[in-house]
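K.L.:
Protein chains in written order, with this note's numbering: chain R, 1 to 255; chain E, 256 to 501.
These aren't lab readings, by the way, just hints derived from the structure by calculation. There could be a bad hint or two in this list.
To be verified - Straight-line C-alpha distance at most 20 Å; calculated SDA-like pairs for lysine to any residue:
id: 1; chain 1: R; residue 1: 71; chain 2: E; residue 2: 278
id: 2; chain 1: R; residue 1: 114; chain 2: E; residue 2: 467
id: 3; chain 1: R; residue 1: 52; chain 2: E; residue 2: 379
id: 4; chain 1: R; residue 1: 71; chain 2: E; residue 2: 385
id: 5; chain 1: R; residue 1: 3; chain 2: R; residue 2: 61
id: 6; chain 1: E; residue 1: 467; chain 2: R; residue 2: 103
id: 7; chain 1: R; residue 1: 71; chain 2: E; residue 2: 277
id: 8; chain 1: R; residue 1: 222; chain 2: R; residue 2: 27
id: 9; chain 1: R; residue 1: 114; chain 2: E; residue 2: 465
id: 10; chain 1: R; residue 1: 45; chain 2: R; residue 2: 23
id: 11; chain 1: E; residue 1: 475; chain 2: E; residue 2: 353
id: 12; chain 1: R; residue 1: 109; chain 2: E; residue 2: 277
id: 13; chain 1: E; residue 1: 369; chain 2: R; residue 2: 85
id: 14; chain 1: E; residue 1: 369; chain 2: R; residue 2: 109
id: 15; chain 1: R; residue 1: 52; chain 2: E; residue 2: 465
id: 16; chain 1: E; residue 1: 369; chain 2: R; residue 2: 97
id: 17; chain 1: R; residue 1: 133; chain 2: R; residue 2: 103
id: 18; chain 1: R; residue 1: 45; chain 2: E; residue 2: 370
id: 19; chain 1: E; residue 1: 369; chain 2: R; residue 2: 141
id: 20; chain 1: E; residue 1: 369; chain 2: R; residue 2: 90
id: 21; chain 1: R; residue 1: 52; chain 2: R; residue 2: 11
All values reported here derive from a predicted model rather than from experimental measurement.
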Amino acid sequence: MIKAEQIIKSFGEQQVIKSISIIFETGKTNLIIGRSGSGKTVLLKILVGLIKPDSGRIWYDDDDFYSMDAKELQALRMRVGMLFQGSALFDSMSVDENIRFPLDMFTHKTRLEKQKRVDYCLERVGLTGNNKKFPSELSGGMQKRVGIARAIVLEPRYLFCDEPNSGLDPKTALLIDELIHGITKEQNITTIINTHDMNSVMEIGETVSFLNNGLLAWRGSKSDILKSNNDDLHDFIFASPFLQKLLDEAGQSLG
Amino acid sequence: MKFLEDLGRFILLIKHGLVRPPNWRMYARELVRQMFDIGNGSIVIIGLIAIFIGAVTAVQFLYQLGNTLIPTWYIGYIVRDSTIIELAPTISCLVLAGKVGSNMASEIGGMRQKEHIDAMEVMGVNTPSYLIIPKILAALLVIPLLVIIAAFVSIVGGYLASVGGGFMNTQEYVRGLRSFFLPYNLWMMLIKAAVFSFILTSVSCFQGYYVKGGSVELGKASTNAVVVSNILILVADYLIALMFTT
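Next comes chain E alone, as it looks inside the complex:
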């Protein structure tokens, strides 16, 4: 019952925010600020995680393929596709749910508690439109870019681990990278990135927007934002995989 009530409120909140802004410049400024916050604040952590994801994927598949007839150059292919199809969008967005999502829930929740949202409402500002929609749009624009960077860095990580570790040479890794490439997989990565971005920002903003009480409740809202976003990202990941691969 609570789930249905929350779902209804979530849909109404997003619907309420989808209106024509009274002043495009103010909204554009807020959009740019959000894009900068999401991108600038996340690129290092995403890069760091991606490089290790690629390296670990390469090393573990080398171990698994060790005593088989599958040639080692397949590692490049495996790293590329597992990164593009799954690891770059999913792991990046799970991490971003923790970083960006909790930050958004705290920011909006703090505004609710300090009556900033009420002050804006009294002025006539459509707060879902001004506070939430630019965050979702910013995430939809920036997070796919971060995921593309993560995919690239992850492949570089795989290269460093496999070639730098002396398990194969550059030609073999590149041969794997260039084999069996399906551009369709890139679309799957971008669609996942966009869906996950929407989930992590909208859920986090929703949790913050309806926060009641004091700092304990704000902390809970922030935690809920991360937990609910992560669960929904994993469910969406499965559904997208099902739709695009079967």
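Next up, chain R with everything else stripped away, as it sits in the complex:
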């Protein structure tokens, strides 16, 4: 479980996050949705510790993030995995080296043990045999999968995904969604996904938090979205004319 309490963050004059309190549950895919500029990326970066909020607290289970000393923080970091929007794979390293990097840096496993773990992670994301390739030789979807493999290599308890489907075709996006959802369930981890892909919301949105103008405007599950009376949420979800048409047609057919 990850809990954020009264998070506030401003950049200069602009208040990007205006007091958000939220709980992300263990064993679930927790989605943060919202328009561009709604503050979801900033919130994700605050949760993962890349940006310090002006005020507020973050709890990782029972651990207060901002009260940890360097050693405790290091131990926590090893339990956190993150998939970045652009995958953030190290260009000069092969797939194998990219995934092995956290193992090399923080563990004292033997070479064989590390290789086994790397191979397992690659197999888990469906990229067995691609060890020697470099990021530039991979498609966008494959890069995301390598990013996931690297994020889970240390068996994290918390997984953060920033726009995992950006730039991917719908079929590959679905594959990535299923992969993240599957890993969340298998390992019973707390997964937080920042997205504005409505397919993801409908596929894997166990809890969905809608941010609007730096505030938590709505929270519920994917099945609650259609029943919600929140106008901002509806405007956001059905912004696409295609979806709006489908909704209208569904409404007409239901009479």
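Knowing the structure of chain R, use the given hints to seat chain E on it.
P.N.:
For chain E alone, kept in the frame of chain R given last:
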């Protein structure tokens, strides 16, 4: 005000990087990679510049001493000392600021823009320690060696210009080289090389580490790395000269 803010951030960045690495082997590997990049990538350009520096120094001093009572064998002495005290460390490091410094600023800045630094931070890697300190250490180890090579090549350049050009014979040049030698000057050269190495790598890494925006900002950071390094190298050169010669 901006200068003080940057200075504060620079000091904090270096201080933040000075921690015990979690895995010495990874850091050692990065150190060796950096040493290879700096040394292997710079030796030809440093050698080329050094040979001409020595040759030009010899030819110009021959011209200046032409109608004086100072014997021509002094050329060896002048080339040696001007090379050791000033030209080898300063010119080499000014050139390396352009080559190595801009490369480091671009590399780290590119990593910042592609979220590589964020990815490492999330993993728990102390990025100043892993990305910056090995570069500074590599430069501190390799650049003084390059400067020693530059000094040697420059003296050879002076020999080729003065003896090869028919202005004097080998014995005269060597006599000059062996006259009035102070080992202290070699220390001054090495200290300059070490200080300049620190300046050019740390300033360049700092510029790259805090880059924001896109490719235009990355280009600016790279340019700033060279300009600021060069200015600081020249200021440091003056201060070291003042401390060691007065």
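K.L.:
Against this structure, judge whether each hint is valid.
P.N.:
Hints and how they fare:
no.	hint	verdict
1	R:71 x E:278	holds, 15 Å
2	R:114 x E:467	violated, 35 Å
3	R:52 x E:379	holds, 16 Å
4	R:71 x E:385	holds, 17 Å
5	R:3 x R:61	holds, 8 Å
6	E:467 x R:103	violated, 30 Å
7	R:71 x E:277	holds, 11 Å
8	R:222 x R:27	holds, 16 Å
9	R:114 x E:465	violated, 33 Å
10	R:45 x R:23	holds, 16 Å
11	E:475 x E:353	holds, 13 Å
12	R:109 x E:277	holds, 14 Å
13	E:369 x R:85	holds, 10 Å
14	E:369 x R:109	violated, 29 Å
15	R:52 x E:465	holds, 16 Å
16	E:369 x R:97	holds, 18 Å
17	R:133 x R:103	holds, 19 Å
18	R:45 x E:370	holds, 12 Å
19	E:369 x R:141	holds, 17 Å
20	E:369 x R:90	holds, 9 Å
21	R:52 x R:11	holds, 11 Å
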